[in-house]
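*Asks:* Since the structure of chain A is already known, use the hints to place chain B on it.
Heads up: the protein sequence lines correspond to chains A and B, in order.
So in our numbering, the last spot in the first sequence is 1239, and the numbers never skip.
So in our numbering, the last spot in the second sequence is 357, and the numbers never skip.
Simulated from the structure, these hints should not be mistaken for laboratory data.
Glycine included, every Cβ here is placed at the ideal spot set by N, Cα and C.
Where hints are given, some of them may not hold.
Said to hold, decoys possible - Residues of chain B placed beyond 10 Å of chain A at every Cβ, according to the derived structure:
id	residue
1	Leu134
2	Gly170
3	Leu180
4	Ile195
5	Tyr209
6	Phe212
7	Val219
8	Ile247
9	Gly330
Said to hold, decoys possible - Simulated restraints on C-beta separations:
id	chain 1	residue 1	chain 2	residue 2	range
10	B	Ala178	A	His1193	56 to 66 Å
11	B	Val342	A	Pro1035	33 to 43 Å
12	B	Ala178	A	Gly1062	48 to 58 Å
13	B	Tyr230	A	Phe1011	54 to 64 Å
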Amino acid sequence: MGEILSLASVTKSFGAVTVADALTYSLAEGEALGVIGPNGAGKTSMFNLITGTLPLDAGRITFLGHDVTRQNAAQRCRAGMARSFQVPQSFGGLTVFENAMIAATQGANLPGQEAEALCLDVLEQTKLMSKANVLASRLALLDRKRLELTRALCARPKLLLLDEIAGGLTDEECRSLIEMIRAIHVSGMSIIWIEHVVHALTAVVGRLIVLDFGKMIAEGNPKAVMESREVKEIYLGIETDA
Amino acid sequence: MDWVNAILQGTLLGGLYALFAAGLSLIFGVMRLVNIAHGDLIVLAAYLALTVIMALGIHPLMSLLAVVPVMAVVGYVLQRSILNRTLGDDILPPLLVSFGLSVIIQNALLETYTADPQRLSAGPIEVASLNLGGLAVGYLPFLMFVTAVAIIGGLQIVFYRTGLGRAFRAVSDNQDIAQLMGINRRHVFALAMALSLAVTAVAGIFLGIRTSFDPATGPARLIFGFEAVIIGGMGSLWGTLAGGVILGVSQAIGAQVNPGWQILAGHVAFLVILAVRPRGLFPRMDG
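Isolated chain A (complex conformation):
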């Protein structure tokens, strides 16, 4: 089990606001890592830095043993990174199946028939098969979130980045999504998952990191992290008078 991803002193700021402050951690192959933190802590920015939509100010990102710091988003996707977005970003003018095909033919670089087979498999897995020919712009929220996941999986990633995929869903919808993600993780996928719905996160991940103002303020076993004093103070906003 080697490292799939490692961040070394990754730093990014917008003027006076630091969204990533010397972030340093690594992810083992097949590991699921949870990320929590208050709004504006730099969680999504961290994904933007990892996937290459945002350039780093300083630091280094290594993916599968290669330095990808200077690679663009398309190259990193082809190398095996895929993400879902907090606010679903489907191609509205394309059908669900076409959205998946873009990822399979471009991201995973599969030829036509193999790409189609992969997409059908994934659509089955994410329960979107019945909507395969619907325009993505007509989907309701849960289905859009499923499409985010579908599209990420169709790029055949080695690392899956999930950004608040459970946000805004009902409990029942959330449960079905957690099952889906757990199954994906069990099949060997490395995952980094940002989520406000902490119970969803702890049901799947083995390790948790907490961000605040771009800094990593806690890391470790989910239970221990959630009970640590810093997290209660900063993340949950609970005053702990000594």
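*Replies:* Relative to the frame of chain A, chain B by itself:
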């Protein structure tokens, strides 16, 4: 009968306008680039054809075999080397750069081919026509119209039935996300420009056969192309064909009333449609 004839001839002329416009429509649809140099690229294609015809002594329609691939390569290189750098959130830089290209192309043509008007001579087919109960349908206009329909139909198939078209539509929808899905948008844009200029090559050669051209002819073709695109609705290919036909028919009717009103009638029809349907007749449905 004169009026029926005017409408028929206008429709056929509309096919040529649709060809002028198809490349413009495609580029705008894929990358929101308004290519001011489009008309000059049409004229450039006509001059390239002239050179090929002079050198090899072949028929203008045969010169398509050489000019289409050359223009496609020109398009790819132009996009990769210059136009890609101008694309961003601001719509102004590509507009200015393509305007600059327009000036450069016109002057380069002037320098190389002089200001003398030129024609591509297609021989007897130019005047041959089919007599349909009093209506004369010229072979050449008919060929142009059929070609326009075939090219637009072909582009429609590329857009909606192929992987390349899917990539075109994906980058048109959301460039940043398309990048994250592994699409190299610079390459996709360059392919779109290559396709656009391949169509432009056909338009240029038909232009050269139909009328005389000189290095300053481009901007007027650009206006017709623009009008066809806007009448049809931005980003809709069949709409562009309809726009071309409406423009052609308006001009023919105008000319029927008074020969001096031909161009004016086209512009008036354009303005009326713009006033009544600002998004064009068949605007693309956006999700």
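*Asks:* Now, for every hint given, state plainly whether the structure supports it.
*Replies:* Hint check results:
1. Leu134: At roughly 30 Å from the nearest Cβ of chain A, Leu134/B sits farther out than 10 Å, so the non-interface label holds.
2. Gly170: holds (28 Å)
3. Leu180: holds (40 Å)
4. Ile195: Correct as stated: the minimum Cβ-Cβ distance to chain A is 41 Å, above 10 Å.
5. Tyr209: holds (39 Å)
6. Phe212: holds (35 Å)
7. Val219: Answer for Val219/B: holds, closest chain A Cβ roughly 24 Å.
8. Ile247: violated (5 Å)
9. Gly330: holds (44 Å)
10. Ala178/B - His1193/A: 56 to 66 Å: Check passed, 60 Å falls within 56 to 66 Å.
11. Val342/B - Pro1035/A: 33 to 43 Å: Once the Cβ atoms are compared, 57 Å apart, the range 33 to 43 Å for Pro1035/A and Val342/B is violated.
12. Ala178/B - Gly1062/A: 48 to 58 Å: Holds: the Cβ-Cβ distance is about 50 Å, inside 48 to 58 Å.
13. Tyr230/B - Phe1011/A: 54 to 64 Å: About 40 Å separates the Cβ atoms of Tyr230/B and Phe1011/A, which means 54 to 64 Å is violated.
Hints 8, 11, 13 from the earlier list are contradicted by this structure; the remaining hints agree with it.
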